[in-house]
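Residue numbers (the numbering used here): 1 to 106.
Keep in mind that a hint or two might mislead.
Okay, derived cross-link-like pairs now, EDC-like style, lysine to aspartate or glutamate, Cα gap no bigger than 16 Å in a straight line [claimed, not checked]: (1) Lys98 - Glu75; (2) Lys76 - Glu95; (3) Lys76 - Glu97; (4) Lys78 - Glu95; (5) Lys78 - Glu97.
For each label pair, taking beta carbons as the anchor points, the in silico distance ranges come out as [unchecked claim]: (6) Tyr77 - Asn46: 43 to 49 Å; (7) Ile7 - Leu44: 51 to 57 Å; (8) Leu44 - Leu100: 39 to 45 Å; (9) Tyr77 - Lys53: 32 to 38 Å; (10) Glu56 - Asn24: 45 to 51 Å; (11) Asn35 - Phe6: 30 to 36 Å; (12) Leu57 - Lys98: 37 to 43 Å.
To be clear, the hints were calculated from the coordinates, so they are not data collected in a lab.
Idealized CB from N, CA, C, for every residue including glycine.
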Amino acid sequence: MRLDMFIGLVLGFLVLLFTSVCGNVFLYFKNQSLNKELARIDTLLNVQNAQIKALELDTQNYACDAESLNNFTREKYKSVMSEHEVESCESKLAEFEKALGIYEKR
C-alpha cells in the first residue's frame, strides 16, 4: 500500500511539474509577443510625437506670418482707412486713386 501511495504522489508531482512547465512556456511566449507589440506601439508613438512637434512648429511660424501679413495689410490700406476723415469729394477721389494705384501708370 505504501508503494501505491508513493507512485501516486510521484505521478501527481510529475503532472503538476509538467503543467507548471507548460504554463511557464506559454507565459514566456505570450510575454515575447506582448514585448513585440509594445515595441511596435512605442515606435508608432514616437512617430506621432514627432509629427505633433512638426505641426506645433508650423503653427508658431504661421502665427508669426499672420502678424507680418496683418502689418503689411494695415500699411497698404492705411490711406483707405483715413478716407473717412476726409471731407471734400476731390480729396476723397485723390485718396481712392492713391489707394487703388490706377492713375500712377499715366
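Here's how the hints hold up against the structure:
{"no.": "1", "hint": "Lys98 - Glu75", "verdict": "13 Å, holds"}
{"no.": "2", "hint": "Lys76 - Glu95", "verdict": "13 Å, holds"}
{"no.": "3", "hint": "Lys76 - Glu97", "verdict": "13 Å, holds"}
{"no.": "4", "hint": "Lys78 - Glu95", "verdict": "10 Å, holds"}
{"no.": "5", "hint": "Lys78 - Glu97", "verdict": "13 Å, holds"}
{"no.": "6", "hint": "Tyr77 - Asn46: 43 to 49 Å", "verdict": "47 Å, holds"}
{"no.": "7", "hint": "Ile7 - Leu44: 51 to 57 Å", "verdict": "55 Å, holds"}
{"no.": "8", "hint": "Leu44 - Leu100: 39 to 45 Å", "verdict": "55 Å, violated"}
{"no.": "9", "hint": "Tyr77 - Lys53: 32 to 38 Å", "verdict": "37 Å, holds"}
{"no.": "10", "hint": "Glu56 - Asn24: 45 to 51 Å", "verdict": "46 Å, holds"}
{"no.": "11", "hint": "Asn35 - Phe6: 30 to 36 Å", "verdict": "43 Å, violated"}
{"no.": "12", "hint": "Leu57 - Lys98: 37 to 43 Å", "verdict": "40 Å, holds"}
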